[in-house]
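**Q** Line by line, the protein sequences give chains A and B.
Each step along the first sequence adds one to the number in our numbering, with nothing skipped, and position 339 is 348.
Each step along the second sequence adds one to the number in our numbering, with nothing skipped, and position 242 is 280.
Keep in mind the hints are simulated off the structure, nothing from the lab.
A portion of the hints provided could be inaccurate.
Unchecked claim - Computed, partial: chain B to chain A, Cβ under 8 Å:
1. Val63
2. Ser68
3. Asp72
4. Ser89
5. Gly90
6. Val127
7. Ser143
8. His158
9. Glu160
10. Val194
11. Ala198
12. Tyr199
13. Gly201
14. Ile252
15. Val287
16. Leu288
In this text the structure is predicted, and so the values were computed from the model without any measurement.
Built from N, CA and C at the ideal position, the CB exists for glycine as well.
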Amino acid sequence: MQDFLEFMSLREPSVRYVVLSCILLGAAASTVGVFGFLRKRSLVGETVAHSMLPGIGLAFILSGSRDPLFLVTGAVITGWMSMGFMNWLIKKGPIKVDLALAITLTGFFAIGIGLMTFIQRGSFGDHSGLDHYIFGRAAAMDPKDIKVFGGLAVFVFVSVLLLFKEFMGLCFNREYLSVLGLPVRFLEFAISFLTILAISSGIKAVGIVLMAALMIIPAAAARYWTGSLRVLVALSVAFGVTAGILGAYISFQARSLPTGPFIVIVLAVITAVSVIFAPERGLFSRWSKRRRLKRRVLAENFVKEVYQIVEFGKERNRSITKSEFLTHFHYNTRSFIRSLRLSVSKGWILPAVDGMKLSQKGFAKGEELNRLHRLWEIYLARKAQTPLEKVHHSAEIIEHILTPELEAEIRLELDLCDNFSPQNEIHIKA
Amino acid sequence: MDAVFIILTGTLVAWLCGILGVFIVLRKLSMLGDAISHAVLPGIVIAYLISGDRSSPLLFMGAALFGVAVTVLIEFLNKKAAMQSDASVGTSFTLFFSIGIILVSLLASRVDIDADCVLHGEIGLVPFDRIVTNGIDFGPRQLWIIGVSFIVVTIVLIWAYKGLYLTSFNSEFAASLGVGIAGWHYLLMSSVSLATVVSFEAVGAILVVGFLVIPPASAWLWSRRLNEMIVLTLIMGLVSSVCGYYLAVLLDSSIAATMCVVALIQFVISFLINPRHGVLKRWIYKAHLSPHKPI
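So here's chain B without its partners, still in its complex pose:
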């Protein structure tokens, strides 16, 4: 039963991150996603410290605030202070992440997170932390939090589908129609911060990016339409979660990291054999056209 809960949690993390990741990948904001997932750390620690509770709404607000703050800081350094974009990303999130790490190490005794948790989360412990009210066992708390977040994010995305779709593929056209680009941008960024916080305990701050970026990237290689890409992302997420869990048990290693590695393997396979731009296809094509054979 524990295995089912862990796999279910892993799948939901992959789905939650994946549906947001689709838009992140399409908008070429992958490194911004990386920046946000690093930058929410101080928000999480401060909110833990104030509320002393791991499922308090303060946590989500704190993290969303820091996620948006880092986006604003990057934008500020880039636009107002004329710093080139890669450097402004690199400067901003390392600063936020450092503050987070310092807080974690300073408050290690008072806050229930440590550096290991930041690095790879504790998805293996998910089944042991349960919601029990009136003697009735409602199942793992993390699973509930991630599941509810997944539903909320899905509803938000369905509501925002048209705006995100337009601004992802043709932002100039969207602007000419009078669609506010910045609004959708920040909606997406705050959803990414939310997803990071929710997934933080299960997979850690850095591996979240893997779930955010890798399955959508693999799906992107196979698909021609946005809805195909979303469905494929969900399938890839499910597969990486199931395979990742059993591989981790087999190797006795970190479950979250192994899930991420399986996602990477999926990506490499997709990159090699996908029918549209696959490397393998090109090799075969080249072999056919090979000039070495005498005519």
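So here's chain A without its partners, still in its complex pose:
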């Protein structure tokens, strides 16, 4: 912790610049990443990132220097070529997106690895540090690197913010944009180009192999927390920046370790938390919602069945015993006790001296469920021409879900008068 505070105080100038550039590239990658994510093209980033390796190699061979400006230019060019190649495959032949991605990724990467080995074995001067571009080494960035990569990140970030509305339209309603007369093809070009620039801004700090993760994972994690695009972008930026800072920190602590993998681990932890605990979309919240529904359905079924027994005998205040209940419906002891307990806790069933009986509320509930059941059966039979033997099963499910508004609408549709009562048509399995 002490170390971390010391690190975050940014007293050392070298630390300051590296942290700054990690923040910038985290922000740039995760904003652009959101749009890739929403267009369901997350894996394009993966392919483009891997395809930057031959560009780096070629730029080094041609220029003979390790100047980041040359290397980034090479990376952007081959990244761009890979995107073109991929689109060409998809457009001109029977190749599907998935296959095109895999072929382009490995093909370009193989060329890159070939070039890298060629450089290592040949006499091209000092090539040390080129391998940092593969898995990333944030701590190895010098001021010149930071100027180039940080500048790229700022450019990407600002451009995305300026074109935010247009990109939003591109994700959700492309046709509408073209009707409005906006240059859709230019915008698509812009978003692809910014994606490539965002990836290239991280090739030294995060590395080409894992750079795509910084575009995919923040957006995927943020999606669990919100449905609004603005919040989505803000949250992804927050996640991306957090990962960037921690990645830079780890890189300084353990100088021999690559940065990229640690950034991915941080992002994975954020994702795991989001997947499990996010309200509404998270696993925990959906699980508890499902559990509540399940318990409600159990209790409702139980009350409905008790109602059917007492209503059939036309004595609504009669209490019934367990054995009597079980002659009509099949329950094992465990599920009987569970359902009874749930219904009692809802206040629908009252324990009586010689068994159980319906409360006022329970009676109303049972009546309502039977009515809805019957209503749905009639609706299916009359309006949907469903065979009579099939209507019961569907009604068993729908009776728990129909709201008063829907009920009114169905009645209107069926022309049923207000005092429609199912009581003389109750369905008893016994």
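With the hints as your guide, set chain B onto chain A.
**A** Same frame as chain A, now just chain B:
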């Protein structure tokens, strides 16, 4: 002689990956294949660490476990946690691969693999690591491992041919016949993990995908039947291995990467000139129908 061993190893890697790749390509699971080949890395490193032996069966089990684990994680994120499919693939395998890379860098001194090995393997070193028992030289160890795996996978595929065939082309029909789709899926995925582990030392974790996907894709462009596609995949694998080796020697570059590049060149040529959907054919066709000529 060394050249023969290297080419033979390369060919066997291409064949092993190719026969599995045929089904991967037909099932449109190419990126899942990519994910698996990245994700087995931590399994390989952990098994190396525990057994300290590069041909221990633990290695295969560890890797197969991680290969299936990543498939399950992807499926879980996609189905249970409602993450869109491309993002769930991207999230899962980068995580596994990162764990692998961290383990490799942390344990670099104790494990006999490094980042270079992960990237492109060391097929050039295959002839030097031999099995010698009682003074008799049985040939390169890698060649044996890959060869035996190829035979095993071939036997499994022959046994599973009908199930894979049915579920690859018409999974709804297969399901209606009562064929378990998930079972064949996981059989294929664990075979892919096995192939990745076996080929790992020779060609590295990322280039495996090239051998898995590119030759079958080229073969697919030329063929109408599954058996034609398999035979063509084997031929393409052989050609890319032979040409790749000599090109690599000529350029003094990585052998595995050059083999992969040759496979890519084969693919591009197939894409241009294949008689069914070839781009060239369409150009010619268009030129004939060209409206520019006055009638």
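**Q** Taking the earlier hints as the rules, which of them does this structure contradict?
**A** Result: hints 4, 5, 9, 10, 11, 12, 13, 15 and 16 break, sorted rising.
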